[in-house]
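K.L.:
Chains as they are written, first to last, in my numbering: chain R, 1 to 815; chain F, 1 to 111.
Please keep in mind that the hints were generated in silico from the structure rather than gathered at the bench.
Misleading hints may appear alongside valid ones.
[Said to hold, decoys possible] Which chain F residues face chain R? A few, computed with CB under 8 Å, are given here:
| hint | residue |
| --- | --- |
| 1 | His28 |
| 2 | Gly29 |
| 3 | Tyr30 |
| 4 | Arg78 |
[Unchecked claim] Every beta carbon over 10 Å from chain R, so not counted as near; a handful from chain F, in silico:
| hint | residue |
| --- | --- |
| 5 | Thr21 |
| 6 | Asn74 |
| 7 | Leu90 |
| 8 | Asp91 |
| 9 | Gln92 |
| 10 | Asp95 |
| 11 | Ser96 |
| 12 | Gln101 |
| 13 | Arg102 |
| 14 | Gly109 |
[Stated by the list, open to error] Label-pair ranges, simulated between beta-carbon atoms:
| hint | chain 1 | residue 1 | chain 2 | residue 2 | range |
| --- | --- | --- | --- | --- | --- |
| 15 | R | Leu429 | F | Arg99 | 49 to 57 Å |
| 16 | F | Asp42 | R | Ala793 | 53 to 61 Å |
| 17 | R | Arg43 | F | Ala13 | 33 to 41 Å |
Positions of the beta carbon are idealized from the N, C-alpha and C atoms, including for glycine.
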Amino acid sequence: MSIFRRLYASIFPDSVRTRAEEEAAFHVDMKADDYIAQGMSPREAQLRARRDFGNVAMMQEETGNRDLFLSLEGFANDARVAWRRLRRSPVFLATSVFLLAFGIGVNTAIFSVVDHLLLRPLPLPNPDRLYVVEEYVEGKIRNSNPARLADWAARVESFERTASTYGETIGLDDNGSRRGVQVMRMVGDWPAVLGLSPVEGRSISPTEDNVALLTRSGAARFGKIGSKLRLGEEIFEVVGILPDEVALGEEVGILTPAPRSVMNASRRAGFLTVAARLRPNATLAAATAQAEAAAQSMGKDHPETDRGMTVKLVDAQAAWTSDIRKSAWMLQGASMLLLIITIANLAALLAARTKDRERETRIRSFLGATKWSIVRLHMVEAGLVSLLGCFAAAGVAVLGLKYLQNAFANQFAAISIVTIDARVFTFVLALGLVATLLCTAIMASRRSLGMRASALVVIEASLGLLLVAAAFGIAKEFADRQSRPLGFAPQNLLVARVDMPWSVDNSDIEQVIDRGLEQFGALPGVMSVAVVDRLPLGGGTQSAKPVIRGRQEPVTEEVGFRMATPTYFATMTIPILAGNGLGEKDTVVVNDVLSRRYFDGNPIGRYISNDGKKFFRIAGVVGGVRTESKNKEAMPEVWLSYRDWAWPKLEFILSTSQPASALAPSLRRLVTQLHASALLDDVTPLQQRLDKVDLEPRRGRDMLALFGFVALCLVIAGVYGVMAGESLRRTREMGIRLAIGATPTNIFGLILKQALKLAAISLVIAIPLGLYSGQLEPRMLIYAGLAIATAIAFAALWPAWRAARIAPATALRTE
Amino acid sequence: MAATSKNDGLQGALSLLILKTVAHRALHGYAIASQIQRISDDLLRVEEGSLYPALHRLEQEGLIQSEWGLTETNRKARFYQITSAGQKRLDQELDSYRRIQRGISLVLGEA
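Work out the full structure: start from the sequences and follow the hints.
P.N.:
Structure below.
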């Protein structure tokens, strides 16, 4: 007994239900008496009377329903009836709830990302006054430095102030143990630019030394106002606590001013993204005009670095979310498509139930139900399914969001601030409502079942085709990416990243590398050790326009200037193509890209410089390695020895067959002895670090592949449902055809043809649509079309086969 | 739905029969069914599956009323009786039925 029924019975004890039961019992008894009078045995009479009466339960049900419609037009009662009806078909219920949960849940997860990061203003005061100052030279964007940052603030009247930050991992001494923590180094008054002020304590001026601010959550981990933090070699006093928003989603608890050495960085340096807050009454147009003038004046004052510089003010939100914008919208679009397919499928399922419903509807109208009350019942039923779907969707959404956060964490730290809140939840409920109304409309529609279901299948298949094409496209892109030669062999290599502060002396870096090479190399099982400034594919590089001695026209392209130890190439199995490897002081090697582009493949003995002052002799040519990403060809690079080019973030690469866990403890111990401020980040196989680079595209591919797969399954299920219904409906026709000489093969073909017709219509709709969108490759659309057509044909096989093997006599008897 | 149910021939006919049958005295469901069957010389057989829903609908529309009572054999049964609204409806329906019947007969030339 359902809960509704129990509730109902308790409120209305003399309900129509009990009355109907008693009446039925009385009726049967009376009739049985008559039969006994006619000479039947009592038992036989009772049975016969009961049979005459028909299914008592059914009668009760129908009488009960009538009662619902006419005596109590309450929602609870509709829900009761709808629930009873749904419970009668658990497979339908489970399928539709599952479909909705998936469709709505995935949409919710993605929407919460889109909403928090792309739609909502940044969680900061007056976010509309916050801009990013983008510097361009020769059309290419470049990073800024403290000198230019200060210039922007001084020369652009509309800027209230400018600031920037960069992150650094620094060793924090905590009760005798040392661990690496992320520290946000501020250039300028960063909290003020964001519009934030300390919730406790005071703010700090950009030139203060040895003071730190904590975020509110950082305070929980690192201490309170007045605590002393031992970071690297220095001691910082905590003077203020800031709201967490100051970190913009990064997992950072500590903020300090940038050290003096960094503040005094050369105007050539580029490592900052400048954020600017406009004055309250300033307009963007005025600020842009002033910034353009400022760029020109900077070009005049500092022609060697800023000549030809142009500037663009970009809304901070757009600038900070640009990395994720495209992926997020793409996923949102794909998941919306999937949701539409899901709802279409659900509607098709509901339409397929209409056959059994038609009888019920007839009985209901006969019992006095109005058309509206029947529509209302449909609506309540669809609403009930949607509601259950929404509940389950909440679970899917939470898991989905976790997955997304994992997928994008590397690329976009702020995704961690995304939560599923009331606003997003409203969105889910709205989706549920839309699903409800659509399904109701379809159930209440008066069109023939076949037409309705076919139309739904065509919608499903068309959208499914687009999704599958997108999934194919991204899978191909990914496969291409994987198959590209890397230029090195990552097998049996471990990476140990040793961090030192930017402020550390060059001679200290050299010393750390020398000691590291020696001590790490002495560890058992380690074949060779090398150090490089950045791992391949990690992105980022130091670059400059080189000056080549003896070359007339200047080089206009930026080439990479990299640091390595001589052992690097052998350790990474990067081939030395000509000459020697890195060795003596004041010599460099170049990669084959640079060699071909600027020396016709014959660079040995020539001289090259990064600043036009100090020239290096080219001693050899090495193979090119993809530096930025797998999608970009190797760029021209110059490799300098660590003795000539210092870089404090060291990647130690160890050639060994030992697992990372076996070496990590000894490495950790050795690193603490290398230098007081040296910090071992972690020890991982190189392959694992490279995989991280692929994580986001891989997750993107997996997600789209999953969407595509689900869409295919839905299409198959939808077509199967329609075709099975169709062949059932046409059983009699098939019987006649068989009787007048059609072969089973003909019948089989007939049903299959009908399915293929649906496929053809879908293709005709979807392929031009996909081409029109401009986002999908024609070839992928054709493959997807084939996949969908195959799926449709496959789904029709069983109904077609069943129709073909029906015995004519059986078919003809069917009504 | 109200009074627009004339388009439903079956429903209209059954209602008419029931109203007529309970017009003069209260009867229980079984008696209504047997009476229609008996009076029509077994030509009309009211199935239980249609009878009770129809009774309930009529009652809902206020055309008949019902109460528990005892049969001659002292069994508890639900007795149905026409209301004044029902009587009025019966008269209207009979009227229109007769008109239609006459019309049909005229057309068929059997008058």
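K.L.:
Examine each Cβ of chain R, and state whether all of them lie more than 10 Å from the Cβ of Gln92/F.
P.N.:
19 Å, holds
K.L.:
Against chain R, is His28/F within 8 Å by beta-carbon distance?
P.N.:
Hint on His28/F: holds, closest Cβ of chain R at ~7 Å, below 8 Å.
K.L.:
Does the Cβ-Cβ separation between Asp42/F and Ala793/R fall within 53 to 61 Å?
P.N.:
57 Å, holds
K.L.:
If you check the beta carbons of Leu429/R and Arg99/F, does the distance land in 49 to 57 Å?
P.N.:
Since the Cβ atoms of Leu429/R and Arg99/F sit about 56 Å apart, the hinted range of 49 to 57 Å holds.
K.L.:
Would you assess whether Ser96/F, listed as outside the interface, keeps its beta-carbon beyond 10 Å of every beta-carbon in chain R?
P.N.:
Answer for Ser96/F: holds, closest chain R Cβ roughly 20 Å.
K.L.:
Take a quick look at Leu90/F and tell me if its Cβ sits farther than 10 Å from every Cβ on chain R, holds or violated.
P.N.:
Nearest chain R Cβ is 18 Å from Leu90/F, so the label holds.
K.L.:
Was Gly109/F rightly flagged as not at the interface, with every chain R Cβ beyond 10 Å?
P.N.:
35 Å, holds
K.L.:
Check the following: the C-beta atoms of Arg43/R and Ala13/F are separated by a distance inside 33 to 41 Å.
P.N.:
Holds: the Cβ-Cβ distance is about 36 Å, inside 33 to 41 Å.
K.L.:
Quick check for students: does the CB of Arg102/F sit more than 10 Å from each CB in chain R?
P.N.:
Arg102/F clear of chain R: closest Cβ-Cβ about 29 Å, beyond 10 Å.
K.L.:
Can we trust that Asp95/F is non-interface, i.e. its beta-carbon lies farther than 10 Å from all of chain R?
P.N.:
It holds; Asp95/F is separated from chain R by about 23 Å at its closest Cβ, greater than 10 Å.
K.L.:
Quick check on the hint: Gly29/F CB to chain R CB, less than 8 Å?
P.N.:
6 Å, holds
K.L.:
Holds or violated: is there a CB of chain R closer than 8 Å to the CB of Tyr30/F?
P.N.:
Holds. Min distance 4 Å.
In the structure shown, no violation is registered for any of the earlier numbered hints.
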